[in-house]
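Enquirer: Listed below, chain by chain, are the residues.
2 protein chains.
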Amino acid sequence: MPIMMNKVKNAMSNLVGGMMPHGHHHHHNHHSGGGQTCGPDSLPPRFPYGRPDFLDLSPELLQYSTEHASRPVLTLKRGTRLPWQTGYAEVINAGKSMLNEDQASCEKVFVKKPSGKHRNSTLLEDNGDGTGIPLHFWGVFDGHAGSGAAIMASKLLHRLIRDRLGEICHLLENPSNAPPICLAKNGSPYQVESKKGAAQEPEDPDAVSDSTVRFHMEKVVSLESLVMGVIETAFKQMDDLIEKEKASYAISGGCCALAAIHLMGKLYVANAGDSRAIIIRNNEVIPMTNEFTPESERQRLQYLGFLRPELLGNEFTHIEFPRRIQHSELGKKMLYRDHTMTGWAYKTIVEDDLKFPLIYGEGKKARVMATIGVTRGLGDHDLKVYNSNIYIKPFLSCVPEVKVYNLDENKHGPDDVLVMGTDGLWDVTTDREVADAVSAYLSCCDPSDPMRYTLAAQDLLMRSRGVLKERGWRLPNEKLGSGDDITVFVVPLAGQESET
Amino acid sequence: MPIMMNKVKNAMSNLVGGMMPHGHHHHHNHHSGGGQTCGPDSLPPRFPYGRPDFLDLSPELLQYSTEHASRPVLTLKRGTRLPWQTGYAEVINAGKSMLNEDQASCEKVFVKKPSGKHRNSTLLEDNGDGTGIPLHFWGVFDGHAGSGAAIMASKLLHRLIRDRLGEICHLLENPSNAPPICLAKNGSPYQVESKKGAAQEPEDPDAVSDSTVRFHMEKVVSLESLVMGVIETAFKQMDDLIEKEKASYAISGGCCALAAIHLMGKLYVANAGDSRAIIIRNNEVIPMTNEFTPESERQRLQYLGFLRPELLGNEFTHIEFPRRIQHSELGKKMLYRDHTMTGWAYKTIVEDDLKFPLIYGEGKKARVMATIGVTRGLGDHDLKVYNSNIYIKPFLSCVPEVKVYNLDENKHGPDDVLVMGTDGLWDVTTDREVADAVSAYLSCCDPSDPMRYTLAAQDLLMRSRGVLKERGWRLPNEKLGSGDDITVFVVPLAGQESET
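Quick mapping for you: the protein sequence lines, in order, are chains A and B. Per my numbering, the very first residue in the first sequence carries number 43; after that it's consecutive. Per my numbering, the very first residue in the second sequence carries number 43; after that it's consecutive.
Identical chains blur together in the list; that is why a pair holds if it fits in one copy or across any two.
Heads up, simulated DSS-like pairs for lysine-lysine below, C-alpha to C-alpha not over 25 Å straight-line:
1. K197 to K286
2. K389 to K155
3. K150 to K278
4. K375 to K278
5. K227 to K397
6. K286 to K435
7. K521 to K261
8. K227 to K154
In case anyone wonders, no lab produced these hints; they're calculated from the structure. Fair warning: this is a prediction, and the values are worked out from it, not measured in the lab.
My request is simple: use the sequences and hints to build the entire structure.
Expert: Here is the structure:
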């Protein structure tokens, strides 16, 4: 503990001075075996360390927020209004990293056609004159091995999404038309000329016999799947941008990214990592995300290792075993499973099986290449296996899974909410417990109190953090509370009605 | 039609003579663009064409069963008893292939330790003295491009599963013990010696600091996942066996494989293809399979094409487009999605995009490489893209998805059943409709009639086939009936109580 406290003080002296080149390097979930190479210390940070702007912390409060011993809960100030009266609360970890590596953002922006002036200056914060299609964005970013990637994503991801949507703005403005399959260079729909009376197009070598029908098939793509494609593409661009800007800035670590986007009556929830979002409607839980972990993505990772063994650097095997194999066990039979299997079978142990398994460990302790406990997210471009030249990144994916909830087609009361939280929340509290707690809390709250969703978020957070006792952070049932950073949004689904 | 009739007559003359070198080559779902190379005609069939043994058809009835014009429904004879009083019905297609390419099997076998005598003569049908652990097997095999693979799988898959289970028989006999992680060569559990007081094992270079705990982690594997592994492995061995025996026999085509295995109180349902199984309990539907089609497996196939472009033979692109691109569209923007995307986005068309998409078409017309409409199954080792040297097989997977239903932990009435059917059934009848029809039918049936499940199967089949009217096979609602081969098992879940 004394060492930790000194570290915190050193970090604070940097922090209060406004300069935080990169966080202390701890890996996700207490793991310290992996390696992380940062850019040269001379590079400036892309964004300085801080907490979300909407918290409006003074330097003193910023310092106070990092007290691992007391773990103060930060919430919105009374008087601060987020769009939709969104509630928010956060707390730092119990000491696993000096700074809170979670980040969050909540923004209302406007989608509009890129104008001549802005065409090449993307990512501008300015929304001009407030015209365009309104877009609400909530993002939760759980950093690891530093805060750089999480901070950068919290500042820029919503703008990337906004700008990509701007490019299809003319399609969004005519939602009753299905998006054209082909666009001319000027963006107008392009149709292949149909030759009069020549349905067979005999000069086309592909159009033989019954394949003609298929040749002329045209899939109808909905506007909704176009928005999904924009979000998926924006995550990839965010990841590419982090990589690119690492040449000029210190951007440490990587982050899980969970984003909710409200556009034209639909809520798109995009998740890459182990954060989670649920909708609570009439006290019923609607899961809006799946978690991406070494266990849930085992077969995808094993398949990549199987098809591209060079990525395993002769150190790892794509085959999973229930434990490490010892040299003396060569020739014996051991349980295993490969990328094709869900069950287990026995195989005779050969020399190659003595390598370390690509996926190893159980539950929260499962790791990819003994290094990282999540399999999707942004950043991590220079993350390598400890003491090796093996990069983790090819196995990590920046692709989110996007689910759509049709907000306008459902009725919502004031207690119906979207809860978004980092794994710190969900590790100790189940979906059901969260739903019950939120529903119970909100039903006792003054429905006209604009703070009610923030109070509900704070209540959720306290339930997962617990209180400090002699034997650590404990929940009321004496179970261990979460020692991780925790970040929670509680978004009222009837909240758009509160907008002016 | 006259041409078709002649073909049938020719086939019959072979068939009645007991010789059926290989079926007429039609592709799954009416597609005729793909190519299929069979072994030299001089090779004998691995098994002659026929219908399941339990139907006990005379040569006359066998010929009658192939009448595409009348499509007679075949059921169990009154007096024939399948294990558990299983019900069965089948019907041939409306003309898309000469013979019924569906096959089925229903067997009771016994799992026992391989004895010295049998150790090297696996796949023997004989179950010896009837001792061992009883195993019930139901299999439904939907062939395409010939009946060879489907017939072979219907004869051998259950024996492969039985024999693989025999190898872990000593573990099955002690179900209260978790399977040992490591086995010595003689099959007895092998434990690594733990060194006295040396938890750190300082001489082991891997056991540094906090990784020690992980090094010593041991995953507990259940007997259930060992049985799942056996089934997965047996599907792979079945596929390998087809490939191997093609050197000596004519084994035409490939097949979807759906198998239900009852062992020690649990029902394991393994599916590779687009057949389907549901449990109906209290008239509620419990889906036991997912279908594997170009649409449901799009991303897996695209990922393989992306990582191994040489498999696409310079003819196909792994990127999906909503329609074929014409040369005149180069430089324009078109909707697309790659292996990472669920939504759609626009991309500028380049030369490479003019290749044919790996996955193309919608619904039942979706195809892999314009050739095949299912993505999992057995056989198809020589299936190539029409007029090319591009093999389809690397994209087809023989791996089943296995789901487990704990039969002993649930109460079942006489109307609770497992329904297994080829896609001919499900293409025109929904899960809900099947459940309602079965429940309604069985509730009107004499509960002591041993034929009730066969009558229910026949009823289901009639609902999907319809009756022949002027405009083809029609359902009572005038919709088109299925023109495909249809095979249905109705397995009573309380059926084991009917066993002696």
